[in-house]
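Here the protein sequences come in this chain order: A and B.
Per our numbering, the first sequence starts with residue 1, numbered consecutively.
Per our numbering, the second sequence starts with residue 1001, numbered consecutively.
If you're looking for bench data, these hints aren't it; they were derived computationally from the structure.
Be careful, since some hints might not be right.
List of simulated lysine-lysine pairs, BS3-like, C-alpha gap at most 30 Å [unchecked claim]:
#1 Lys458(A) with Lys1051(B)
#2 Lys51(A) with Lys1472(B)
#3 Lys1527(B) with Lys51(A)
#4 Lys1462(B) with Lys527(A)
#5 Lys1090(B) with Lys1124(B)
#6 Lys472(A) with Lys1212(B)
#7 Lys1212(B) with Lys32(A)
#8 Lys411(A) with Lys1051(B)
#9 Lys318(A) with Lys1411(B)
#10 Lys51(A) with Lys1134(B)
#11 Lys51(A) with Lys1462(B)
#12 Lys51(A) with Lys1203(B)
#13 Lys32(A) with Lys1083(B)
If you're wondering where the values come from, they're calculated on a predicted model, not measured in any experiment.
There are 2 protein chains.
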Amino acid sequence: MDGAQEAQNREAFRQAVVNTLERRLFYIPSFKIYRGVAGLYDYGPPGCSVKSNVLSFWRQHFVLEENMLEVDCPCVTPEVVLKASGHVDKFTDLMVKDEKTGTCYRADHLIKDFCKEKLEKDPKITEEKATEFKHVLAVLDDLSTEELGAKIKDYGITAPDTKNPLSAPYPFNLMFQTSIGPSGLSPGYMRPETAQGIFVNFKDLYYYNGNKLPFAAAQIGQAFRNEISPRQGLLRVREFTLAEIEHFVDPEDKSHPKFSEVANLEFLMFPREDQVSGRSARMIRLGEAVSQGIVNNETLGYFIGRVYLFLTYLGIDKERLRFRQHLANEMAHYAADCWDAEIECSYGWIECVGIADRSAYDLRAHTKLVIAPVKKELGLAFKGNQKMVVEALESMGEKEAMEMKATLESKGEHSFYTRSSKGGDEQLNVFRFPPLVAPIKCTVFPLVQNQQFEEVAKHIAKSLTAAGISYKIDITGTSIGKRYARTDELGVPLAITVDSTSSVTLRERDSKQQIRVSVEEVASVVKEVTDGFSTWADVLWKYPTHSSAATED
Amino acid sequence: MDGAQEAQNREAFRQAVVNTLERRLFYIPSFKIYRGVAGLYDYGPPGCSVKSNVLSFWRQHFVLEENMLEVDCPCVTPEVVLKASGHVDKFTDLMVKDEKTGTCYRADHLIKDFCKEKLEKDPKITEEKATEFKHVLAVLDDLSTEELGAKIKDYGITAPDTKNPLSAPYPFNLMFQTSIGPSGLSPGYMRPETAQGIFVNFKDLYYYNGNKLPFAAAQIGQAFRNEISPRQGLLRVREFTLAEIEHFVDPEDKSHPKFSEVANLEFLMFPREDQVSGRSARMIRLGEAVSQGIVNNETLGYFIGRVYLFLTYLGIDKERLRFRQHLANEMAHYAADCWDAEIECSYGWIECVGIADRSAYDLRAHTKLVIAPVKKELGLAFKGNQKMVVEALESMGEKEAMEMKATLESKGEHSFYTRSSKGGDEQLNVFRFPPLVAPIKCTVFPLVQNQQFEEVAKHIAKSLTAAGISYKIDITGTSIGKRYARTDELGVPLAITVDSTSSVTLRERDSKQQIRVSVEEVASVVKEVTDGFSTWADVLWKYPTHSSAATED
């Protein structure tokens, strides 16, 4: 079978897949009743389900399993943010125009197509020319504007549709531009990636994480790239859903406590040196890749392993999946090391996930450009506000004020109320979310700081993750009353306090009632209640209650 | 307590909620390190979880429970689509400009603020003036451009920040505009609603539903509105997630088979007539509202009931939730009847869900403007393609061809392969999705068309819904082999065939193996396998196998 026949085979097989996908409405070219728009696709019913399954599993596998902080930022982004990140100046592709019709093409695509065509279909090609075209294909990404222009001239490449001459290449910014607000004076763009939303929130997220490293933040959302010439079906489109994780780590210590869990995975890796010396991808054990310095550090290695597990759980064929290291000249200016998960499909090996050690490039870029001070400590703002509530209450008649106060405390609004602390000197906030809505279903506290209790707490945390329950673990030495107040304010319905190694207390948020449950059972009791199979009243009846008098303050 | 004090109380209480939400990172003003952008907010970790919980429950409560067809379309939309829907011409608010600084304001907001201020804070206001201001507030939405301009002049309203004179009001289109592709010649907008994506796909969805009415389609996604002056925190923002359902029904028959399931719900309703005659919202049983003609028809009533259940499950206080009917002058030009679910919060009664009988306005608008014929029958396109595969195979050497064919059939790519039909005359497509990814987890077929089997199938369908398993029911008289082929092509891992009233067969997609399971048990067996608690091998070992020889063709 020669190359041309193999390509034809692949193309035919791809067409069979594409036709099935389109006929069963996995996807639909968008706006097709209006002739469609290149690079935009709708997902139909089965496509929506697949997408939603993949995203749920992504949340389970990465966000929940690693206790990551998720954020969800708007797509509309003011220019200043993308100026800082470098996108306004550098997020471009080189474009050429048909000098007569104005039709636009990507300069590198034209050269690529030309070289491939020559290599595949020109039987009279000399050995020397073939070597040259292969070399051009290999270094295409590195060519400058001028070099690309020179190649187009040298090879006599013209506009594919009309054979008209082409302009010299010039940069075209791939961001969709728009204008924010009615004045027309605030330029903005649709975000080209979701990571910037994480970087601009770094300080708040760091605070949320108790001012401690390491932590990871994640975002799933739409990203927009106004491609010059969309191609390859769903692979190069103008709008897509992107899922990004930024793991912030101490630059002096890139070890990872869970690396041992992935160290024995063995899969196809394609290190830089093997690529340069013309070898193929080979099976490497991840632990060895890190210890031999092929992968820069444990944290990077850990995420490579987690991505491998994620992709293979989703049904990616292990034999057609490899992790390829970026070549030195391929790597972005900020990266210390970068590996792409590549999947072999009918278009060849395609990058699906990029895993890079970005160093602190982005944080530094935003820090340099920040023009407003970060809001004063939020805790202070809140305390000032408590004062405002009190003042409003004082300005009323006494009876009315007492009534209003009672209503606010006991009822509040749909999901929010306040109640007095045990001493009565403070109003505590409570979100009364039903378990269905609650952002975190359960918190885990060791009653006092001690290694035994901490181990029990971690054991329980593990069984909560396995049961798919989002939780927060609080091992600070703060008083248990304050820790309850903190979780009430987040609307967490249940709290587990570890006060022995065999059984724990389980406390319900609104009633403050507590029951005693064995360590082994507690995750399933939490699941029963938060999944709605039992009410709190049901479990109260089943388990011995625990006197809470001593613990709530 | 007078009005001013009550307003102050509400404001103080709202501030307590807002401060808690911001301090605990439920939400964050977007890009705040760059001074922020009005009307754009990020969700922090707990906000993301709440949002994701609400959306999952929305999918469970509406899409899965009602077997709706979900679609997911891009936000970037070409002008032609939004021209047809009326948004390019009519999706505007009236704006006035500070004549010296150019600052923009919404004309109706300025008049509203002026009247409210007078009513609440002017002790010398005459009875006559008070009546006039109340009337203006009531009819504000109906005033024309000229009438709004006249009021601003009459009342001497100036720019709030500078007291400068204001321009006459003029329409400002609320869509974010952009340009699609590199030419600069294809204007586009960020979609202001998600419903249009459903309407433009109507024909394909109708086909997907077997060319039968009624059916419902749903879409969750980002929507964008370039508000002139965003206000009220998260209530009036420039980008938000919208969840829309369009239920397509025979205009001659708007009855609903499941209406009886909601007919006994009783909640606060606020019919048009009660509003006009100055009465308050009152408790009405939904069944009576429809039989008395207060709600136009059963289908509209059914969705009002389902929305009521949805909101109250989420924790909305029943006493602060009402369904208010639009007044005749308030209703969009296409609507036959319209009800808003309104929730009372610190901003007063706020519309959260709109439920309208839109008649066929949108479909007609797109049908009128369609400029390209709908793609030829997809089935044909597919058959043509089978031919292409065969031709490619024929052009190879015989041995190679057989090898390639075998590989394609047995392995394919990651999730796709083909296999011969029993007769060997057709290649059947199979998506080999793991249950985790599969868009639909299970199909249910009665073996032959007969009422008893159909009832068993519906009973099983109900228990699948209760277990949270997406399924498809196929009661066409097509041969069972063809029905298996259809579900294999969608990648459905399991199929239940009802061939008796006590037990059924359960067939696995890739092995085509079948086991026999009791009707009562089958949903839990499906759940075990699709949730990953058991493998197919596990259940094969537990249940008697069923000879499939007779059924696969």
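Checked hints:
Restraint check for Lys458(A) and Lys1051(B): the C-alpha separation of about 27 Å stays at or below 30 Å, so the hint holds. Distance check on the hinted pair: Lys51(A) and Lys1472(B) sit about 18 Å apart at the alpha-carbon level, within 30 Å; holds. Restraint check for Lys1527(B) and Lys51(A): satisfied, since their Cα atoms lie roughly 20 Å apart, inside the 30 Å limit. Between Lys1462(B) and Lys527(A) the CA atoms are separated by roughly 23 Å; this keeps the pair inside 30 Å, and the hint holds.
Among the hinted pairs, Lys1090(B) with Lys1124(B) is inconsistent with the structure: their alpha-carbon atoms are about 41 Å apart, more than 30 Å. Between Lys472(A) and Lys1212(B) the alpha-carbon distance is near 48 Å, which puts this suggested pair outside the 30 Å criterion. Between Lys1212(B) and Lys32(A) the CA atoms are separated by roughly 22 Å; this keeps the pair inside 30 Å, and the hint holds. Simply put, Lys411(A) and Lys1051(B) have alpha-carbon atoms about 23 Å apart, close enough for the 30 Å limit, and the pair holds.
Distance hint between Lys318(A) and Lys1411(B) is fulfilled; the C-alpha atoms sit about 13 Å from each other, no more than 30 Å. For the given pair, Lys51(A) sits about 50 Å from Lys1134(B) by alpha-carbon distance, which is inconsistent with the 30 Å threshold. Note on Lys51(A) and Lys1462(B): the hinted pairing holds, with a Cα-Cα distance of about 24 Å set against a maximum of 30 Å. This hinted pair checks out: Lys51(A) and Lys1203(B) have alpha carbons roughly 22 Å apart, not beyond 30 Å.
Between Lys32(A) and Lys1083(B) the CA atoms are separated by roughly 16 Å; this keeps the pair inside 30 Å, and the hint holds.
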